[in-house]
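Residue numbers (my numbering), protein chains in the order written: chain A, 1 to 107; chain B, 1 to 234.
Simulated from the structure, these hints should not be mistaken for laboratory data.
Fair warning: there could be bad hints in the mix.
Said to hold, decoys possible - Below, computed lysine to aspartate or glutamate pairings styled on EDC-like, alpha-carbon distance capped at 16 Å:
#1 B:Lys5 - B:Asp123
#2 B:Lys15 - B:Glu131
#3 B:Lys164 - A:Glu65
#4 B:Lys15 - B:Asp123
#5 B:Lys9 - B:Glu126
#6 B:Lys164 - A:Asp67
#7 A:Lys35 - B:Glu230
#8 A:Lys87 - B:Asp123
#9 B:Lys187 - B:Glu129
#10 B:Lys105 - B:Glu126
#11 B:Lys105 - A:Asp67
#12 B:Lys130 - B:Asp100
#13 B:Lys122 - A:Glu32
#14 B:Lys130 - A:Glu32
#15 B:Lys187 - B:Asp100
#16 B:Lys9 - B:Asp100
#17 B:Lys9 - B:Asp123
#18 B:Lys187 - B:Glu126
Claimed, not checked - Chain B side only, calculated, beta carbon under 10 Å to chain A, not exhaustive:
#19 Gln44
#20 Gly57
#21 Leu85
#22 Pro102
#23 Arg103
#24 Ser192
To be verified - Some residues of chain B that are not near chain A, with every Cβ distance over 12 Å (derived):
#25 Asn127
#26 Val157
#27 Glu230
The beta carbon of each residue, even a glycine, is placed where N, CA and C say it ideally should be.
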Amino acid sequence: MASNILIVIFVTSLATYLSRFLGVVSSEKIKETSKMFRWFNCLAYSTLAALIARIVIFPLGSLAEVDLSVRIFVVSLCIIIFFLTKKNLVYPTIFSAIILSLITSFV
Amino acid sequence: MISTKYFLKGFSAIKGVGSPAIALGASFIAIGALLKNLGFTIQQSIFSTFLTYALPGSLVMAESMLIGASLINIFLAVWLVNARLYPMTVALMPLLMHQDQPRWKYYLSCHFIAVSSWLIMKDNYENIEKENRIDFWIGIGVATWSVAIFSTIIGYVASDFFNKDILIGLAIINPIYFICMMVGAMKTFQISLSVILGATLGPIFYFLSAEWCILFGGFTAGTIAFLIGEKNGQ
Chain A
1 MASNILIVIF VTSLATYLSR FLGVVSSEKI KETSKMFRWF NCLAYSTLAA LIARIVIFPL
61 GSLAEVDLSV RIFVVSLCII IFFLTKKNLV YPTIFSAIIL SLITSFV
Chain B
1 MISTKYFLKG FSAIKGVGSP AIALGASFIA IGALLKNLGF TIQQSIFSTF LTYALPGSLV
61 MAESMLIGAS LINIFLAVWL VNARLYPMTV ALMPLLMHQD QPRWKYYLSC HFIAVSSWLI
121 MKDNYENIEK ENRIDFWIGI GVATWSVAIF STIIGYVASD FFNKDILIGL AIINPIYFIC
181 MMVGAMKTFQ ISLSVILGAT LGPIFYFLSA EWCILFGGFT AGTIAFLIGE KNGQ
């Protein structure tokens, strides 16, 4: 089992580094002022947004045990806190964990 | 080789009100606890974060091991969920490229590309001269990577003290941090449209394919936003 875990870790990191490596190879030929660069910039932000939306709406792991309406509620509340605290990132993140732990332990 | 001044400047960019350290730490504490429950030793857990350093990839690895997936399937599942790193790298590295800097810096430091480090770099690069950006980036990368590795150890050691409610609380921190950072990054019309369309199309495409929804949804959303933005003069 021990050697299995090591192989799985290697396979996981290889699959991850591959995209980063190919990204640098492509970057050699792309100028930051080009249309191509702007397109990839859009793709990067949209793919990130898609990933985050997926984590919130169709989560893997322990978040899946919380009802969707509770997840949406906590997310909305934290975005409001983010704006109220003049875009401070520390308050909404800490607050989200506390409120969600409280909701799940009392409901 | 690497300018200490810019390295330290980058390293300390993770402090302050925009700090990702808490969000990053919380996520990797959860990963440390998860890996312990999967039967990893502490060395293997550290090794995993050290080599992979991409949260969704580690989660998928853990899920795949639980269902006993084959190595090929683990490779494909991780590659799919982490393929977002490709457009992220292409949207970052051209900003850091400079002819006087050696190539190895780019190929080694691309390992540090993850959502938090990427968003911090995107937020700060304009304040650094192009020549020094790669050293600044290596500073950010080493700092966020160290937080991740250190938190994996804490999570592994402390996992016996975590109940289900605490683990759920830890799991929400990362998406909340990412959402707030994305909302903060919506400064141009094209980027705002990319974020909004991506967040809408990603979950919609989930009904077509759970595995491909991030790539298909992200690609479609980003391309539409790019075309509309170009038409309107960005």
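Hint-by-hint comparison with the structure:
1. The hinted pair formed by Lys5 (chain B) and Asp123 (chain B) fails the criterion: a straight-line CA distance of about 19 Å is larger than 16 Å.
2. Among the hinted pairs, Lys15 (chain B) with Glu131 (chain B) is inconsistent with the structure: their alpha-carbon atoms are about 23 Å apart, more than 16 Å.
3. Taking the CA atoms of Lys164 (chain B) and Glu65 (chain A), the gap is near 10 Å; set against the 16 Å cutoff, the hint holds.
4. Only pairs whose Cα atoms come within 16 Å are accepted, and Lys15 (chain B) paired with Asp123 (chain B) is accepted, the gap being roughly 14 Å.
5. For the hint linking Lys9 (chain B) to Glu126 (chain B), the alpha-carbon distance of about 14 Å falls within 16 Å, and the restraint holds.
6. Between Lys164 (chain B) and Asp67 (chain A) the alpha-carbon distance is near 15 Å, which keeps this suggested pair within the 16 Å criterion.
7. Distance check on the hinted pair: Lys35 (chain A) and Glu230 (chain B) sit about 9 Å apart at the alpha-carbon level, within 16 Å; holds.
8. This hinted pair checks out: Lys87 (chain A) and Asp123 (chain B) have alpha carbons roughly 13 Å apart, not beyond 16 Å.
9. The straight-line distance between the Cα atoms of Lys187 (chain B) and Glu129 (chain B) is roughly 22 Å, outside the 16 Å bound, and the hint therefore fails.
10. The straight-line distance between the Cα atoms of Lys105 (chain B) and Glu126 (chain B) is roughly 20 Å, outside the 16 Å bound, and the hint therefore fails.
11. Distance restraint check for Lys105 (chain B) and Asp67 (chain A): the Cα-Cα separation of roughly 45 Å exceeds the 16 Å cut-off, and the hinted pair is therefore not satisfied.
12. Annotation: proposed proximity of Lys130 (chain B) to Asp100 (chain B) holds, straight-line Cα distance about 10 Å (limit 16 Å).
13. Of the supplied pair hints, the one linking Lys122 (chain B) and Glu32 (chain A) holds, its CA atoms being roughly 13 Å apart against a limit of 16 Å.
14. For the proposed pair Lys130 (chain B) and Glu32 (chain A), the alpha carbon gap of about 11 Å is at most 16 Å, so the pair holds.
15. For the proposed pair Lys187 (chain B) and Asp100 (chain B), the alpha carbon gap of about 31 Å is over 16 Å, so the pair is violated.
16. Note on Lys9 (chain B) and Asp100 (chain B): the hinted pairing is violated, with a Cα-Cα distance of about 20 Å set against a maximum of 16 Å.
17. Distance restraint check for Lys9 (chain B) and Asp123 (chain B): the Cα-Cα separation of roughly 14 Å lies within the 16 Å cut-off, and the hinted pair is therefore satisfied.
18. Distance check on the hinted pair: Lys187 (chain B) and Glu126 (chain B) sit about 14 Å apart at the alpha-carbon level, within 16 Å; holds.
19. Satisfaction of the interface hint for Gln44 (chain B) is found here, the shortest Cβ-Cβ separation to chain A being roughly 5 Å, below the 10 Å cut-off.
20. Restraint check, Gly57 (chain B) versus chain A: the minimum CB separation of about 5 Å is within 10 Å; hint holds.
21. The beta carbon of Leu85 (chain B) is positioned within 10 Å of a beta carbon in chain A (closest approach about 4 Å), and the interface hint is therefore held.
22. This hint is violated: Pro102 (chain B) has a C-beta 13 Å from the nearest C-beta of chain A, more than the 10 Å allowed.
23. Hint status for Arg103 (chain B) relative to chain A: holds, with the closest Cβ pair at about 8 Å, below 10 Å.
24. The interface hint given for Ser192 (chain B) is met, as the beta carbon of that residue sits about 9 Å from the closest beta carbon of chain A, less than 10 Å.
25. With a cut of 12 Å on Cβ distances, Asn127 (chain B) stays outside the contact zone with chain A, its closest approach being about 16 Å.
26. With a least beta-carbon separation of about 18 Å from chain A, Val157 (chain B) lies farther than 12 Å from that chain, consistent with its non-interface assignment.
27. Non-interface status of Glu230 (chain B) relative to chain A is broken: a Cβ of that chain comes within 12 Å, the nearest being about 7 Å off.
Violated hints, in rising order: 1, 2, 9, 10, 11, 15, 16, 22, 27; the structure is consistent with all others.
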